[in-house]
Amino acid sequence: MRTLSLALRNLLRNRRRSLTTLLAMVIGAVTILVFGGYSRNIVLSLQTSYVMRGGHLQIQRKDYFLFGSGNPAAYGIADYQHVIDVVGRDPVLAPMLAVVTPSISLGGIAGNFAAGVSRTILGAGLVVADRNRMRQWNEYELPINVPPSALTGTADDAVVIGNGVARVLELCEPLAVPNCPRHVKAQAAAGADAPADITALAALESRPAAAASEARIELLAANVHGAPNVASLRAVKAERQGFKEFDDMFVGMHLAQAQRLLYGSEKPQATAVVLQLAHTRQIPAAKARLAELLATTLQSEPLEVQDFEVLNPFYGQAVGMFAAIFGFMAVLIGAIVLFTVGNTMSMAVMERTAEIGTLRAMGLRRSGIRRLFMSEALLLGLIGAAAGVSAALCVAWLVNHTGLTWLPPGQVDPVPLTVRVWGETPMMIGTAALLALVAVVSAWWPARRAARMLIVDALRHV
Amino acid sequence: MNVVSMIQIGKTYHLDAVDVPALVGIDLEIRPNCFTVISGPSGSGKTTLLNLIGCIDQANCGEIIVAGEAVQKLADDALSDFRARHIGFIFQNFNLLPVLTVEENVEYPLLLARVPATGRKLRVAALLDAVGIADKARNFPGQLSGGQRQRVAIARALAPSPQLVLADEPTANLDSHTGAAIISLMREMQRERHVSFVFSSHDPKVLAEADDAVMIRDGRIESIERRKPRANGAA
Chain A
1 MRTLSLALRN LLRNRRRSLT TLLAMVIGAV TILVFGGYSR NIVLSLQTSY
51 VMRGGHLQIQ RKDYFLFGSG NPAAYGIADY QHVIDVVGRD PVLAPMLAVV
101 TPSISLGGIA GNFAAGVSRT ILGAGLVVAD RNRMRQWNEY ELPINVPPSA
151 LTGTADDAVV IGNGVARVLE LCEPLAVPNC PRHVKAQAAA GADAPADITA
201 LAALESRPAA AASEARIELL AANVHGAPNV ASLRAVKAER QGFKEFDDMF
251 VGMHLAQAQR LLYGSEKPQA TAVVLQLAHT RQIPAAKARL AELLATTLQS
301 EPLEVQDFEV LNPFYGQAVG MFAAIFGFMA VLIGAIVLFT VGNTMSMAVM
351 ERTAEIGTLR AMGLRRSGIR RLFMSEALLL GLIGAAAGVS AALCVAWLVN
401 HTGLTWLPPG QVDPVPLTVR VWGETPMMIG TAALLALVAV VSAWWPARRA
451 ARMLIVDALR HV
Chain B
463 MNVVSMIQIG KTYHLDAVDV PALVGIDLEI RPNCFTVISG PSGSGKTTLL
513 NLIGCIDQAN CGEIIVAGEA VQKLADDALS DFRARHIGFI FQNFNLLPVL
563 TVEENVEYPL LLARVPATGR KLRVAALLDA VGIADKARNF PGQLSGGQRQ
613 RVAIARALAP SPQLVLADEP TANLDSHTGA AIISLMREMQ RERHVSFVFS
663 SHDPKVLAEA DDAVMIRDGR IESIERRKPR ANGAA
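Just so you know, the sequences run in chain order A and B. At position 126 of the first sequence (counting the first as 1) the number is 126 in our numbering, and the numbers step up by one without a gap. At position 116 of the second sequence (counting the first as 1) the number is 578 in our numbering, and the numbers step up by one without a gap.
It is worth saying that the hints were derived from the structure and are not from the lab. Glycine included, each C-beta is placed from N, C-alpha and C at the ideal position. Misleading hints may appear alongside valid ones.
What follows is a list of derived Cβ distance ranges for each label pair [unchecked claim]:
no., chain 1, residue 1, chain 2, residue 2, range
1, B, A540, A, G423, 52 to 60 Å
2, B, A579, A, G320, 54 to 62 Å
3, A, I336, B, L669, 53 to 61 Å
4, B, D478, A, W445, 23 to 31 Å
5, B, R682, A, N14, 43 to 51 Å
6, B, K583, A, L23, 38 to 46 Å
7, B, A537, A, L4, 23 to 31 Å
8, A, W445, B, E684, 42 to 50 Å
9, A, L398, B, A634, 56 to 64 Å
10, B, A540, A, W445, 22 to 30 Å
Part of the chain B face toward chain A, derived, beta carbon under 10 Å [what the hints assert, rightly or not]:
no., residue
11, V486
12, R545
13, A546
Whenever a hint applies, use it, and build me the whole structure from the sequences.
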């Protein structure tokens with residue numbers, strides 16, 4: 001009679017109690033895995049969003065990340081096309097690359113002079129075709145469909161602005177922004193009329209109002225010499241940008257337009273060369289190769305590489321937060337399973353005291369008694385873990401097919417609510433192993449108590 | 463050589479800080495191939511004496527030699543192995559493992575004694591046949607009568623070919639007819655297999671079957687009646 005066979009039969013002896021214990025383990029496993037799958041999905045959604053927007057890696061001029069946002073013109077990459085060529089043709093990097101594209105980040109003031117409003121903005125100069133390819137990146141096969149940029153096929157003076165920018169600049173109506181609150185202007189204080197000559201001068205200087213169907217903004221930025229440069233741009237669309245702070249400041253434009261604003265007639269530069277890889281796991285290898293290139297072929301300019309986690313600290317914070325919640329839940333559920341299985345095993349020891357005495361009298365060693373109860377707990381743990389993982393997969397399948405949607409942080413449009421359990425093998429194995437381990441650990445004390453019983457006392461037990 | 467030799471054995475229980483002497487100055491020899499009955503009134507120390515002989519309890523003083531081994535010097539694991547090889551137990555409540563079939567119950571001590579699988583199967587079949595329940599081999603204990611269960615217990619006790627089988631009031635939970643049949647079976651097994659049986663009982667029918675009758679009262683041996691002459695000419 002092998003110990004495991006005897007242990008299994010003992011478990012089947014009190015089916016109701018064993019099933020109740022298994023149910024607790026199944027609920028624990030489902031809770032851990034469904035939450036784990038949900039948080040995993042959020043993390044991957046966030047990652048996908050960031051990688052679509054800014055790639056996995058960015059080559060920047062040294063210290064641009066620390067100081068460049070205050071003076072992007074001074075931290076440009078002069079020969080960015082050479083950088084793109086070297087990176088794109090590198091035999092190590094090329095197979096990993098999905099997109100390599102230049103970009104410019106700039107700060108400025110956007111105004112709708114017709115409405116008499118303005119605000120500070122963060123501008124992004126993009127190569128639209130490259131950005132459209134970047135929007136197709138979906139390594140984790142998330143149920144998302146990101147449309148091409150609204151700048152596709154537009155003239156150089158076209159811009160896309162955040163909904164918040166449209167709201168502040170009172171461009172909601174021409175851009176047909178839905179659910180956009182209208183600004184109610186305060187009544188001007190009554191006062192004396194302006195002098196006639198001033199009124200006449202103002203009439204002369206005033207520009208004809210833009211056509212109602214066209215949304216134009218004037219964008220003021222400091223050029224490479226620190227002088228103000230103004231461009232009149234046509235807003236073709238307002239898009240929600242996920243985060244309100246970003247939504248209220250974003251102006252996306254063609255790279256050439258951004259370069260004209262910053263560098264005027266001088267040689268255009270880029271503030272970053274964006275690298276989107278085929279797979280996120282390639283980041284370490286790509287960074288290592290880039291470090292080699294920056295030290296050799298590209299050493300003419302002081303450059304450095306930043307990955308998307310550094311560029312988007314929120315991502316790391318979100319991952320950390322979900323990991324902490326997941327860990328906390330796992331500990332709580334582990335404790336519940338610990339006490340449930342421990343209680344079950346304690347009851348089994350109590351009920352089978354005379355049997356323990358009999359086995360010991362027949363010659364079973366203390367270690368044999370310990371092994372018997374630990375085996376029962378291990379079997380409970382393994383069966384509970386297997387049932388729990390199976391149940392979690394079923395629950396995840398149901399959730400994924402109910403059609404629920406939600407708006408992940410940083411996303412523009414609601415996406416289907418999905419729980420990512422299938423395919424998350426480390427999480428499934430980890431949870432199963434945790435439950436089995438907790439079950440075995442919880443049986444340790446009752447098994448020890450059983451093994452240390454005095455045989456005569458055990459045999460006397462009724 | 464005697465199967466059991468007890469020299470000046472004493473056993474005291476400590477109950478609520480009060481010392482209760484259970485056995486005092488016990489000198490006893492259990493002869494080989496004998497049917498020995500330990501008899502006495504309730505609380506006289508029969509079960510305690512049987513527990514000490516069976517190496518499932520420790521004496522406070524004196525020396526016990528079982529099957530030639532000074533068992534008090536053995537560590538717990540060694541004592542477990544010793545019991546598995548040399549001592550069989552028959553309990554008043556049968557104490558069969560309810561999750562095992564009849565044949566598995568009989569096989570279990572052979573597993574503990576590390577008997578190879580082929581030998582186990584043959585021995586189990588022979589024992590079940592000998593105690594008359596071969597047709598119940600695949601049944602579970604819960605499907606058997608009291609008498610049948612005790613037959614399984616006898617087969618289990620005899621399975622590892624022990625030198626000594628201990629039975630604590632084995633007929634107490636059986637009707638008189640079944641009890642008599644069980645005593646008869648045990649007597650038969652004892653003779654056929656040349657093993658020593660030691661009973662605790664105050665059943666006159668059991669006492670009547672004894673080769674040696676040990677009377678115990680208040681933890682002391684009152685009398686030892688040797689009814690069968692010692693084998694090999696020994697008295």
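Hint-by-hint comparison with the structure:
1. The beta-carbon spacing between B/A540 and A/G423, approximately 54 Å, falls within the hinted interval of 52 to 60 Å.
2. For B/A579 and A/G320, the Cβ-Cβ distance of about 56 Å falls inside the hinted range of 54 to 62 Å, so the restraint holds.
3. The beta-carbon spacing between A/I336 and B/L669, approximately 58 Å, falls within the hinted interval of 53 to 61 Å.
4. Evaluation of the 23 to 31 Å hint for B/D478 and A/W445 yields a pass: the beta carbon distance comes to about 27 Å.
5. Remark: the range hint 43 to 51 Å for B/R682 to A/N14 is upheld by a beta-carbon distance near 45 Å.
6. Between B/K583 and A/L23, the C-beta spacing of about 39 Å keeps the proposed range 38 to 46 Å intact.
7. A hinted range of 23 to 31 Å holds for the C-beta pair B/A537 and A/L4, which are about 27 Å apart.
8. For A/W445 and B/E684, the Cβ-Cβ distance of about 46 Å falls inside the hinted range of 42 to 50 Å, so the restraint holds.
9. Taking 56 to 64 Å as the suggested C-beta distance range, the pair A/L398 and B/A634 conforms, at roughly 59 Å.
10. The hinted range of 22 to 30 Å is satisfied by B/A540 and A/W445, whose Cβ atoms lie roughly 26 Å apart.
11. Interface restraint check: B/V486 against chain A, minimum CB-CB distance 18 Å, threshold 10 Å, status violated.
12. For the restraint placing B/R545 at the interface with chain A, the shortest Cβ-Cβ distance is roughly 4 Å, inside the 10 Å limit, so the hint holds.
13. About 2 Å separates the beta-carbon of B/A546 from the nearest beta-carbon of chain A, less than 10 Å, and the hint is met.
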